[in-house]
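Asks: Single-letter residue listing:
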Amino acid sequence: MLFNSWIFVGFLIITFALYYLPGLRRFQIPVLLLASAIFYSYTAPILLVLLVTSVLLNTWVSFNTHHSSGKAQRNWAVSGVVINLAILGFFKYAGLLAALIGQLSGATGNDALQFLLHVPLPIGISFYTFEGISLLVDVIKLQKDPTHVVDRIVAPTFTQHLQNTGLFVTFFPHLIAGPILKARHFYPQIGSKLLRQINFEYAFRCIVTGYFLKMVIADNLSSHTSWIAFPVYKTLSTVTGMTLLFGYSMQIFADFAGYSLIGIGLATLFGYDLPQNFNFPYISRSLSEFWRRWHISLSTWLRDYLYFPLGGNKKGPRRTYINLALVMVLGGLWHGAAWSYAVWGAYHGLGLAVERFFTRDESAAPGILASVVRASLVFAFVTLGWLLFKLPDFHEALEFLSFMKTNLHMKNDLSMIAPVLLFSIPVVVYHLTNMDWLRERRQVWIQSNNRSYRNLVVAIYSLMIMSLVLNYGNSSLFIYFQF
Amino acid sequence: MAIPVSSSTSNSKIAATSLVWAVLGLGLYGSVVLTGRVPYGTGINQDQKNYITQQHYLMDKTSPFDLVLAGSSMAAKVKVQYLDNRAYNLGVPGGSPQTGLQIILKAQRVPKVVVCELSPTLHLGPDNVVLARLLDPTGYAVSERFPFLRQEFQPTNVLLSKLKKKSLDDEGTVTSSATKIAIADAVQMNKDEPKPEDKAKFATHLRETRELLRQIKERGSRVVLLELPVAAEVDATRRMRYYHGEIVREFPVSDYEWLLPLAGEEVQTTDGIHLVPAQAAKVARALVALLPAK
Chain F
1 MLFNSWIFVG
11 FLIITFALYY
21 LPGLRRFQIP
31 VLLLASAIFY
41 SYTAPILLVL
51 LVTSVLLNTW
61 VSFNTHHSSG
71 KAQRNWAVSG
81 VVINLAILGF
91 FKYAGLLAAL
101 IGQLSGATGN
111 DALQFLLHVP
121 LPIGISFYTF
131 EGISLLVDVI
141 KLQKDPTHVV
151 DRIVAPTFTQ
161 HLQNTGLFVT
171 FFPHLIAGPI
181 LKARHFYPQI
191 GSKLLRQINF
201 EYAFRCIVTG
211 YFLKMVIADN
221 LSSHTSWIAF
231 PVYKTLSTVT
241 GMTLLFGYSM
251 QIFADFAGYS
261 LIGIGLATLF
271 GYDLPQNFNF
281 PYISRSLSEF
291 WRRWHISLST
301 WLRDYLYFPL
311 GGNKKGPRRT
321 YINLALVMVL
331 GGLWHGAAWS
341 YAVWGAYHGL
351 GLAVERFFTR
361 DESAAPGILA
371 SVVRASLVFA
381 FVTLGWLLFK
391 LPDFHEALEF
401 LSFMKTNLHM
411 KNDLSMIAPV
421 LLFSIPVVVY
431 HLTNMDWLRE
441 RRQVWIQSNN
451 RSYRNLVVAI
461 YSLMIMSLVL
471 NYGNSSLFIY
481 FQF
Chain E
1 MAIPVSSSTS
11 NSKIAATSLV
21 WAVLGLGLYG
31 SVVLTGRVPY
41 GTGINQDQKN
51 YITQQHYLMD
61 KTSPFDLVLA
71 GSSMAAKVKV
81 QYLDNRAYNL
91 GVPGGSPQTG
101 LQIILKAQRV
111 PKVVVCELSP
121 TLHLGPDNVV
131 LARLLDPTGY
141 AVSERFPFLR
151 QEFQPTNVLL
161 SKLKKKSLDD
171 EGTVTSSATK
181 IAIADAVQMN
191 KDEPKPEDKA
201 KFATHLRETR
211 ELLRQIKERG
221 SRVVLLELPV
231 AAEVDATRRM
241 RYYHGEIVRE
251 FPVSDYEWLL
261 PLAGEEVQTT
271 DGIHLVPAQA
281 AKVARALVAL
291 LPAK
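Residue numbers (the working numbering), protein chains in the order written: chain F, 1 to 483; chain E, 1 to 294.
Simulated from the structure, these hints should not be mistaken for laboratory data. Note that the structure is predicted; figures quoted are calculated from it, not measured. Glycine included, every Cβ here is placed at the ideal spot set by N, Cα and C. Fair warning: there could be bad hints in the mix.
[Claimed, not checked] Cut-off 27 Å, straight-line C-alpha distance, at most; resulting in silico cross-link-like pairs (BS3-like, lysine-lysine): (1) E:Lys13 / F:Lys193; (2) E:Lys180 / F:Lys411; (3) F:Lys411 / E:Lys13; (4) E:Lys162 / F:Lys411; (5) F:Lys234 / E:Lys164; (6) F:Lys411 / E:Lys164; (7) E:Lys180 / F:Lys234; (8) F:Lys405 / E:Lys180.
[Unchecked claim] Here are some, though not all, of the chain E residues that point toward chain F, as calculated from beta-carbon distances under 8 Å: (9) Asn45; (10) Gln46; (11) Thr156; (12) Ala178; (13) Ile181; (14) Ile183; (15) Ala200.
Given the sequences, and given the hints that come with them, work out the whole structure.
Replies: Here it is in structure tokens:
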């Protein structure tokens with residue numbers, strides 16, 4: 001079920017009403033579990049099989065990890081992580097591996113290879129598998145934590161733990177495209193919720209901003225950026241093609257940040273706090289800052305559960321560079337089973353390594369001009385990387401760049417350029433107003449003009465609501481669903 | 001993205017106030033549209049242009065069209081509507097003739113003449129997603145009752161269409177080098193015969209088209225079939241030859257009225273497939289000649 005569909009609106013109203021019905025308060029978690037199952041399986045009920053398997057597996061393994069000790073405890077956790085990765089590997093990467101084997105051996109007609117090539121990719125599997133691994137790692141890592149948070153993660157009875165894990169993995173606001181939850185943050189929140197405790201103002205802002213980014217910005221931009229496709233790009237002038245690529249950069253942000261915000265707002269309606277996933281990434285002044293601001297739940301997951309266990313930056317410069325490259329390549333492959341994603345990850349890994357090599361001292365804050373130049377360079381680097389998301393075929397991506405070099409004198413297509421720039425304005429302005437030097441001035445202004453600020457906020461949200469009604473784009477899938 | 005709000009501001013009622021202002025703003029815009037002071041936009045992207053073209057045909061109750069052309073991007077180049085306001089072009093880029101035929105059948109009345117482009121684009125079949133959106137009873141009723149909610153009145157569409165009318169040439173300029181590259185690509189893409197499964201699908205679509213045309217004829221329209229020529233190099237490819245053969249077999253000249261407006265002329269295209277404006281205008285004139293006298 002899509003967040004941007006009428007059926008979802010009906011589904012949400014019914015779930016919300018049942019959830020807060022006084023007589024059903026003790027069934028709040030089962031209500032959410034049932035709703036999440038309907039949400040996930042709405043178009044393909046068969047998908048539930050794997051999701052339920054993942055919940056059962058992670059409940060069983062984490063329960064046994066918690067109730068064992070020493071080597072047995074470690075074995076439980078390790079085997080759980082391995083099984084999770086094996087399931088993800090089979091459904092997500094078997095096709096890629098089979099294609100590679102087929103190419104190398106020339107046995108493309110082999111029945112087993114053909115079977116592997118056609119293994120379906122269950123929606124959201126990358127997200128819920130990482131959440132399962134987070135549960136297992138947190139249970140073993142937090143055993144000796146003085147706050148005893150692990151006792152809030154693993155309930156005393158298996159049935160209760162199963163119910164909680166079911167909610168952790170399947171809670172519909174984050175199920176399909178994140179944010180990726182960590183067990184230590186989510187489990188302690190599980191409990192009875194009252195309507196009066198809900199921060200409706202926050203939910204409203206997240207939901208309106210999220211839908212605006214998705215339906216007005218991303219969906220409208222997608223109708224234009226779709227021209228970055230073979231063979232159409234051959235006929236685009238350099239300015240037109242680069243504007244479309246700029247637009248795609250805006251679109252992918254608006255699409256994914258929009259989905260995350262809707263998810264965060266919806267979770268708030270049910271009394272749960274999900275982590276922020278984006279923090280104005282396009283004003284980052286370095287690549288490492290970009291990764292602290294973009295898809296934060298994935299980058300912190302990779303940092304906590306992969307980069308740090310590999311040694312992080314504690315084992316000397318050479319090992320640090322290797323760790324960075326490895327984490328980024330795996331992060332790239334997490335996005336999809338295609339070599340283009342691995343190359344995209346390697347591209348960022350290389351960028352991070354080079355940046356680290358040349359950056360000596362980050363303590364001194366750069367001036368305004370230096371900030372703008374650095375942010376522009378990082379944005380250009382990141383935007384160029386998105387080309388591999390749009391044109392996963394290397395040959396096409398390189399050809400696009402080659403035509404951008406040769407089509408310099410072709411006539412610019414204003415009918416493409418103007419809408420792309422128009423729909424990019426809200427994203428650009430929103431980012432720019434959050435640059436350090438402007439944010440500080442804004443805070444000072446807010447303090448002395450509280451009423452004007454409130455009116456401005458009301459005007460912005462009113463305009464976003466009006467745009468949602470009047471200026472929505474053609475409904476399309478969220479880009480990150482494919483991951 | 002961090003939303004700048006904390007629990008301490010939860011009682012600031014920004015949500016309720018914003019909703020009230022938004023409703024008032026929508027009411028105001030709706031009223032202005034009803035007064036006719038907002039010019040309708042033609043669309044700022046291909047999907048929107050197509051949708052507006054199709055929705056406008058269904059919703060326009062003031063001008064019953066006497067001639068309607070159904071087709072793909074090839075037919076869309078034939079600006080028949082510019083020559084006579086009794087003619088309407090339902091040809092849309094990325095679309096198929098069957099989608100246009102379905103729309104003609106769903107409208108309250110059928111036109112006196114229906115011209116149907118027959119080309120390899122028939123393999124696309126009817127665009128069921130667009131048809132469902134256009135014909136959804138709730139959406140249709142809302143669009144009919146509240147015109148300001150139609151895509152033609154989307155603020156960005158109105159604004160950019162107005163700017164476009166002032167500064168842009170709709171057709172753009174196509175250089176000869178771009179045409180050569182496009183023709184080479186078109187030849188490359190059509191060099192092989194379709195796969196067996198594609199052949200079977202095409203046969204099904206041909207039968208469906210024949211059935212749609214039969215229904216239109218039954219409702220009293222004159223049906224004319226139109227084959228728009230393509231560049232000679234593209235026409236000679238195996239895929240194009242195959243499709244052409246199948247079309248002629250399914251719609252024999254003995255049973256159908258065919259129009260071949262550029263027969264015997266050297267075909268000029270912008271990309272191997274689509275006619276240059278001058279030749280498209282010639283086709284448009286031939287179509288308008290089919291209209292009954294005023």
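Asks: Work down the list of hints and note, for each, if the structure agrees.
Replies: Consistency of the hints with the structure:
{"no.": "1", "hint": "E:Lys13 / F:Lys193", "in the structure": "holds (22 Å)"}
{"no.": "2", "hint": "E:Lys180 / F:Lys411", "in the structure": "holds (17 Å)"}
{"no.": "3", "hint": "F:Lys411 / E:Lys13", "in the structure": "violated (50 Å)"}
{"no.": "4", "hint": "E:Lys162 / F:Lys411", "in the structure": "holds (21 Å)"}
{"no.": "5", "hint": "F:Lys234 / E:Lys164", "in the structure": "holds (24 Å)"}
{"no.": "6", "hint": "F:Lys411 / E:Lys164", "in the structure": "holds (15 Å)"}
{"no.": "7", "hint": "E:Lys180 / F:Lys234", "in the structure": "holds (11 Å)"}
{"no.": "8", "hint": "F:Lys405 / E:Lys180", "in the structure": "holds (19 Å)"}
{"no.": "9", "hint": "Asn45", "in the structure": "holds (4 Å)"}
{"no.": "10", "hint": "Gln46", "in the structure": "holds (7 Å)"}
{"no.": "11", "hint": "Thr156", "in the structure": "holds (6 Å)"}
{"no.": "12", "hint": "Ala178", "in the structure": "holds (5 Å)"}
{"no.": "13", "hint": "Ile181", "in the structure": "holds (6 Å)"}
{"no.": "14", "hint": "Ile183", "in the structure": "violated (11 Å)"}
{"no.": "15", "hint": "Ala200", "in the structure": "violated (21 Å)"}
Hints 3, 14 and 15 from the earlier list are contradicted by this structure; the remaining hints agree with it.
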